[in-house]
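From just these sequences and the hints, can you work out the full model?
If you read the protein sequences in the order shown, they are chains A and B. At position 123 of the first sequence the residue is numbered 123 (the working numbering), and the sequence of numbers has no breaks. Converting from the second sequence to the working numbering requires adding 1000 to each position, the first position being numbered 1.
These aren't lab readings, by the way, just hints derived from the structure by calculation. There could be a bad hint or two in this list.
Said to hold, decoys possible - Here are the simulated lysine-lysine pairs, PhoX-like style, with alpha carbons at most 25 Å apart:
1) B:K1166 <-> B:K1156
2) B:K1104 <-> A:K211
3) A:K491 <-> B:K1104
4) A:K491 <-> B:K1097
5) B:K1072 <-> A:K211
Each chain, letter by letter, is given below.
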Amino acid sequence: MGKSLRVDLSRGEIQVLETPAAICGEFLGGRGAGVAMVAGSIFTEAWDSPRMPIVFATGPLVGTAAPTSGRMSVVSRSPLTGTVFDCSVGGRFGTELKKAGFDFIEITGQSDKWVWLDIGNGHARIEDASALQGKGTGETGLLLGKGSTAVTGIAGENGVRYASIVFDGHYLAGRGGLGAVMGAKRLKAIRVFSGGEGKKVIVADPDGLRKAREEIMRLLRASQAVFGEFGLAEFGTTALVDLIHARKMEPTHNFRKTLFSGSSNYSGYAMKARYRPKKTGCAGCPVLCKKISFEGVPLPEYETVSHFGALNGIDSLEAIVEANRLCNEYGIDAISAASTIACYSEINGVKPAPEEVSALLRRIALRDGDAGRALAEGSYRYALSMGRPELSMSVKGLELPAYDPRGAYGMALAYATSNRGGCHLRAYPVSHEILRKPVATDRFSFEGKARIIKIAEDLNAAVDSLTACKFVFFAAGLEEYARAVSAVTGKEQNVQSLLRTGERIWDLEHKLNAMNGFTKDDDDLPARFFEEEGTGIIHTKKGTLTVPPIDRDAFLAARENYYTIRGYL
Amino acid sequence: MLAEKDAPVFIALDAWPVSNKKSPDDSDFSALLRVFGLMNINSILYSPPSPVYRMIIRELAERDEAARRDRKVVPIDCETRTFFHDIPVLDEITPEKIAAALSKRKSAITKDGAIISYGVVTPEQAFVSFSSTCFSLSVKYFYDSLLYLEGCYKRKSPPEEAFIKKFLEISSASAPVLPGNESPRLIPGPPETVDEIMEMLAQAGRAVVENRLVDSYFGNISYIEGGLIHISQTGSSLDELEGCIDSVPLDGSSSVGITASSELSAHKGIHALTGANAILHAHPRFPVIMSLLCEKEASCPNRGFFCHKACPEKRYAAGIPVVPGEIGTGPSGLSNTVPPAVARHGAAIVYGHGVFTCGSNSFQGPFDRLMETEKACRHDYLELVKKYLSAFDVKGDFI
Ligand code: SF4
Ligand SMILES: [Zn+2]
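Set out below in structure tokens:
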């Protein structure tokens, strides 16, 4: 193992330590290591306490030739959900950090004035950031100069509960408000610059890694969802717009409907025709799923187009791209922002025009006026303050992304059991329920789903700790990644050992949440999904019908099965 | 320890186990159930396959070089190689040994000829792995046997008697898993409505499976009409295509095709070059076997690594071009190699993988061509076997 940084912003001290081998042995790196490192504080400290750490953690694959090895995790306690919270993030930061000779950064304390952290080859300094305060994430990144950057925007400075951290201009630690945790510490940004001559990651068995890489590449090339004509490499995640529309599970008007007539205006195809995007992506990734317009504007992901689009009833591509740009610039999570605005619209019986959405985003980021202050708290706190908590489309306070659970029951269960709140990425059932990978499952059935979700949660906890990208798993499997990580570390891993590690991580997260008072009652969906039908005709084993509400009893039975399998009784 | 049984044991587990063995007292059941404690899976299948596959597995487990040396069999067809790597041979069938083998691989075989496989997402995965194992091991057995006989013939040294005995036994027992002689009558077409197109696709898909022209249920099929390609979804069973067809605009204006068969681009390419609107892709066994056979093998510098990706030679099996091509769209993807070959010959065999055929307005033409290709390749295979064996005065009743 290499070195890690421990930064205390209250004292202005930086220590260079040996990376804790025990943590890496037990939790790999990335998410798992981060969760283990913050575990001691989650129960005792509030998210904005100076003693609450925020951890930036690379994984064992970062900086190696393993495909999609450029990712890493940011971990702390979420201002939005109160749970332990990790974000997997791409870009170049992790790779650059490794090259600079560091595996993890653990930051505690609270500075008196705004600072940024400058990390070079083997060393780090705390710098004055008064000139950066109040600046957007793009400008801040530019002012920091060479290297890779992690920046909190004005939303993070102002404690917006769903403030993001923006890496290298447009890669996001998007969800859960970790940007506000940085803001609470008065840490505006981190820059890592290894000087281009940094350390090489030592690989125990280069030939083994080469073979694993070839296998993964071969599976990627064979995958329609990744390299196919409509795959991620071609369209990015917006390839999903048409598909989710066709499956009639497109969250529309704050989840009142599941079908939006205007979505073809912002489909992957429409976006491609309008913006002629260039491909870009995280370091070490052959897929390159991120898209930038020919004018250099980062283009939104599926979740963002769908939530600023259907969820808010907006069918203008330009307006959506602008909303996405603002979210990036202010450092706000687009899913939570769009969903909070949709909740506001439903409660107030209004339908904001695109310009009003832009204006609201600005007021949220600045906590400006009553609406800005109220909406900066997120949809749940806002809806509660208005006496309508049921209209927050969230789980554990985290707003749901753009897959209506009435159209995918595994997704329904996974939203509920997710230990960071309403998130599609914990178990990612979209993969089998919608994309048919590795095999198709019946999306209108709970049968077998409890175990599927449990295994997938463990798998993704391992993937987030390796750290690899979930998109690769449309094509490759943990088998190939087990071989890659064994080759890198020289410590033999297989699918089952990685799944056991994933389970250990999940159980730890669950325990931490339970210590903070989370119970079964929090593992639930908004009542709307059990009471209101969706929109449009679908073909199921039960026949041709309008998208039905989810059967509450079947949901509860599947959730009970899930607890039995997990051993949470 | 599990006894080698003639009957299958299948267990699926969500919160509680469901099995074909009702009684928890059953010792096989409880032994297999213990595997769930060692692996994160949701189903497990232990089953002897049909007699001919069982003979093949026993023979490979006993005689194959890698199996003897490393207790694993290495498949050679591309589909299986992509997803299986190799298949471990178990000498003892304890839960621990099963878990150790299956932790790394999708299936394992026992020396007595049974197959053990599992599902992680759905129980169907266990059955798919089971049937892919049968397919891939039979391809390997017949191909390796041909090479062995060819070697004997060239060296003028007689084949081992034990080998011959088993080969004749296996060959003559193979009929039940091979296509028959009769092509079924399919809907004549052309279809007039989308519903009729769907019916045609479902019927042809079912005929492909019923006539044993695929391994497990996979392959893909499309019909092009009115600017749309109606194509089977990825991972759909050809014998259950109802509700599993994606209708994808040919002009690329919708990305609903992301769930379509991974050979979507090959199908579109064939249509673009030939104008044919009924396209079929399946995995009949003998074309796959014969596509692997290459005269230049000994002298070719590309042998092994490049055959399936970038073979520069013009090769044929039963008069049909054999092209390299990996699954998918990469530079060496079969979406680039297959269409031009199909345009010239109306059909193409992808090295170590399967066959594409096409026709117009109905699937009768493409289906018949598929059957003919299988028959012709099987015929050529047998002619070679006869030639090699006759040098040693061995005669037999083959396949
Ligand atoms: S697939 Fe996309 S998100 Fe994943 S590593 Fe590659 S560029 Fe990053
Ligand atoms: Zn095929």
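Holds or violated: K1104 of chain B with K211 of chain A, Cα cutoff 25 Å?
holds (15 Å)
Distance restraint between K1166 of chain B and K1156 of chain B, which requires alpha-carbon spacing of 25 Å or less
Given pair K1166 of chain B, K1156 of chain B holds - Cα atoms ~21 Å apart, limit 25 Å.
Within 25 Å, alpha carbon to alpha carbon, are K1072 of chain B and K211 of chain A?
Since the Cα atoms of K1072 of chain B and K211 of chain A sit roughly 19 Å apart, the hinted pair holds (cutoff 25 Å).
25 Å limit on alpha-carbon distance, applied to hinted pair K491 of chain A and K1097 of chain B:
holds (21 Å)
For a C-alpha distance cap of 25 Å, please report whether K491 of chain A and K1104 of chain B respect it.
holds (15 Å)
In summary, this structure violates none of the numbered hints.
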